[in-house]
Amino acid sequence: MLEQTLMDEDKDLLLALLRGVSVNWHNEDFEVLLSYFHCLVQKLQGPLNPIVVEELQSLGQYLSQKSIEQQKVLATVLPFRSLCIQTADAEEFYPRFLAIFLKSCVLSKSYSVGSRFMEHRKLILKLEENAVDPCDVLLTYYYAAVIQVGVKDYLKALQCLKLVFSVPSNVVSDLAVDAYKKYVLVSLIAKGNVEPLAKFSGLFIQRQLKNYCPEYLALAKEFAQRDATQLRQVMENYKLVFINDLHWGLVKETFKALLRSNIKNLTRTFLTLSLEDIATKASLTDSKEAERMLRSMVYQQEISAVIDQRAQMVRFESKNGFKASGKSNTKTASAVFAETNRCLDLYNQLFQFYQNLLTDPQYMFREHSQDGEEMLDHSFC
Amino acid sequence: MEPQPSSDLDTYASRYYGRGKILRLLHIASHSVQLRKEALLLALDETKAETRDVQLYKRLLEKLKETGQVSILQDEWETTVVREDSKEVERLETELQRYRHNMIKDSIRMAYGDLGDFQYSKGNLEEALRNYLKMRDYCVSSQQITDMCLKIIQCAIILGNFSLVESYVQKAEQTPEIANDEKTQAKLQCALGLALLSKRKLKAAAERFLQVSFALQDSFNEMLAPEDVSTLGAICALATFDRKELKHKLLDNKAFKEFLELTPNVRELINDFYFCRYGKFFERLQRMEPDWRLDLYFYSLVDTVMELIRDKALAQYVMPYTCVYLDEMAKVFCTDVYHLQNELAKLITSHQIEARIDSHRKILYAKELDVRNTSLWNTVSQGAQLIDQAESMLLHIKMLKHRLSIRALSATEASYDHSNCSTSRMDLGSLHHGE
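These protein sequence lines are chains X and S, in that order.
Oh and the first sequence: position 114 is 114 in our numbering, straight run, nothing missing.
Oh and the second sequence: position 129 is 129 in our numbering, straight run, nothing missing.
I should point out that these hints are in silico values taken from the structure, not numbers from a laboratory.
Note that the structure is predicted; figures quoted are calculated from it, not measured.
We put the CB at the ideal spot given by N, CA and C, even for glycine.
Incorrect hints may appear among the rest.
What the hints assert, rightly or not - Here's a subset of chain S near chain X, in silico, CB distances under 7 angstroms, partners left out: (1) H27; (2) I357; (3) D358; (4) L369; (5) N373; (6) L376; (7) V380; (8) G383; (9) A390; (10) L400.
Unchecked claim - Dumping the calculated DSBU-like pairs for lysine-lysine here, alpha-carbon to alpha-carbon at most 30 angstroms: (11) K281/X - K398/S; (12) K288/X - K156/X; (13) K280/S - K156/X; (14) K221/X - K239/X; (15) K221/X - K398/S; (16) K37/S - K105/S.
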């Protein structure tokens, strides 16, 4: 019956009906409701009527909560993914839909689904609608960051976390505090230091956030000293805090990042070095661990090195010649190309923003009223 | 290891006088067990000769007793000084009151100055400084301002209040007639140099000392002897100047050459460094180090300066080579290959040397820089940073445009008190499941 009715043109009414039904729906029928919802979503085509969007938002929120209660979050990933895609208006997503989709990806640990979704699309949010809740924007970028951390793409995670702090705010929320803790750790892993927040994040936020996470800042301070033993000591001192925050995994990654960074520094300093010296200089337990670490870094093309097991020596340079640090000319060229593309995308966004501004009645009114005032001043002169 | 000076203590102490000399001798007494007794005896003599500081005298006697010097007995000096002091302070205060009553500006200024000098000699330095500061309201001419500033500067140096030194040097330098008074200018440069040293600004301090005119002679000997100006200026310059600056500001500085003539060892040290005679240079440096460790104003900087000088020497040594044998280099720098390798690694990490070490064959190879690739990478990373910032800013502006912001009290959030700060709370319980 529902299937048939969905073919009808009057979707607004059907949505309202579906929501009404869902309130009295039995728990065991959740999957059926979800399949109807998926079916409905697939038939949607933007741009949508604001009332439909509102209904879909309430419905999505309801399903998301139900799925958590019934521990069936994984089943919601694809329907919510379709919801985001089908409701997108000129590549702009509704923040609520994106937030619940990314949340379901995080809760069901389907990081790769979320990551693939973000890989092919830009997370440009549709903010024009009156019904937009700023918390959804915050949550969208927060979940996006968690997903990127899940797939170990720390640079992208860092950018998402920066966007969390770009949301205008005059209070410190738990989410912002948690995001800042992640920001410190991810920043250390990806960049080797804690990058300062953007100036427009607000001094209030920047100052306040630091008061909530002294343990993380202590970790960052020790990381800057590049001493793995001391860093491990700090980790052990605050282990309980990190575990309670559910950041212990990231903290361990931070430690590994320091070891890797120390080894990378050695590749820039030495041409040849014994495994034993590498272990000493990079604060590793012994030459075996040094060998294991080097092997993994070579496999992942982080460094270019050859290991002579007989002489227990390592030579830090590729056979092809250039740069043990991995910055080859080809790699540079591809990086330049990728960044150029990002620049072009950004230019398009800015241009779009500019065009919207020019047609904004409030802006036009202000511009004209200023002219009027100036003319009035001149006339008085 | 305990520092041993190259010259005898009498010769060293004869360069200074007054409270500055006593402080220096006390510093030596506390840093060298071997020179402790001699330094304390000299300090005691100077206290009796140049001050009226009974407390210091008693303290010195106690310290001398600790060293086993029992032959010194408390003499008449103490009782005489105490008797005279009570009369003198009464006289000075009465005079001041009289001048204040008569409103004779110049006399009031002088009376404050005399009272300050008296307190200074008694060792009441805070009180002395207060009196000197009161002189400020009664100074009329440039000369009077300069004199007042110099008194305050001297007192502040003894007290270790170097921010006051800096501000009064600036005040004195602003007086119109200072340009004609070379000696005062030299004193001010010395005082500022010491203030900068205390802030560990070695390069700025070096530049100040190098500007000191030889007209200083022994006029500032309470704080700094001309030999100190030469040593501090040259060593700080050696540690912080590049080759070009060293040649231009130090070696070609005719005015400073006169100071260098007073310290031939320092002059030769500079020449050895500049002409790359590293063996002799380090030998001389090691001979001079104990003297610096006993210097009141320089001892805390010796390790930093030695490290900076050594780093510069290492960087200068490898500059002309495409490859260097570490064995030979270690001999020149009086160290072993292992330590040299560590030192070089540190310099490479801090980008002071562009090279890589072949640890197996013990050779240092100069790095071939791919300037094009490096600058492209720098451009890319700068560009990426800018794009990130622009994206964040765009989101921020868009949200502001649509009046969207997180507020303390909104429909979806419940406000609660969090560390005495009103915050909005979101349910993060569910968020954490995902990690």
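Hints versus structure:
Of the supplied interface hints, the one on H27/S is violated, with its beta-carbon coming no nearer than about 32 angstroms to a beta-carbon of chain X, more than 7 angstroms. The restraint placing I357/S at the interface with chain X holds, with a minimum CB-CB distance near 5 angstroms, inside the 7 angstroms limit. About 4 angstroms separates the beta-carbon of D358/S from the nearest beta-carbon of chain X, less than 7 angstroms, and the hint is met. Hint status for L369/S relative to chain X: violated, with the closest Cβ pair at about 11 angstroms, above 7 angstroms.
Given hint, N373/S at the interface with chain X, holds; its Cβ is 6 angstroms from that chain's nearest Cβ, closer than 7 angstroms. A hinted interface residue such as L376/S counts as satisfied when its beta carbon comes closer than 7 angstroms to some beta carbon of chain X; here the least separation is about 5 angstroms, so the hint holds. Contact between V380/S and chain X, as hinted, is supported at the beta carbon level, the nearest pair being about 5 angstroms apart and thus within 7 angstroms. Below 7 angstroms, beta-carbon pairs count as interface contacts, and G383/S has one with chain X at about 5 angstroms; its hint therefore holds.
At about 6 angstroms, the closest approach between the beta carbon of A390/S and any beta carbon in chain X falls short of 7 angstroms, and the interface hint on this residue holds. A hinted interface residue such as L400/S counts as satisfied when its beta carbon comes closer than 7 angstroms to some beta carbon of chain X; here the least separation is about 6 angstroms, so the hint holds. For the given pair, K281/X sits about 49 angstroms from K398/S by alpha-carbon distance, which is inconsistent with the 30 angstroms threshold. For the hint pairing K288/X with K156/X, the CA-to-CA distance comes to about 33 angstroms; that exceeds 30 angstroms, so the pair is violated.
The straight-line distance between the Cα atoms of K280/S and K156/X is roughly 56 angstroms, outside the 30 angstroms bound, and the hint therefore fails. Using a Cα cut-off of 30 angstroms, the hinted pair K221/X and K239/X holds, with the two alpha carbons roughly 16 angstroms apart. For the proposed pair K221/X and K398/S, the alpha carbon gap of about 35 angstroms is over 30 angstroms, so the pair is violated. A distance of roughly 48 angstroms separates the Cα atoms of K37/S and K105/S; the hinted pair therefore is violated under the 30 angstroms criterion.
Checked against the numbered hints given earlier, this structure breaks hints 1, 4, 11, 12, 13, 15 and 16; the rest are met.
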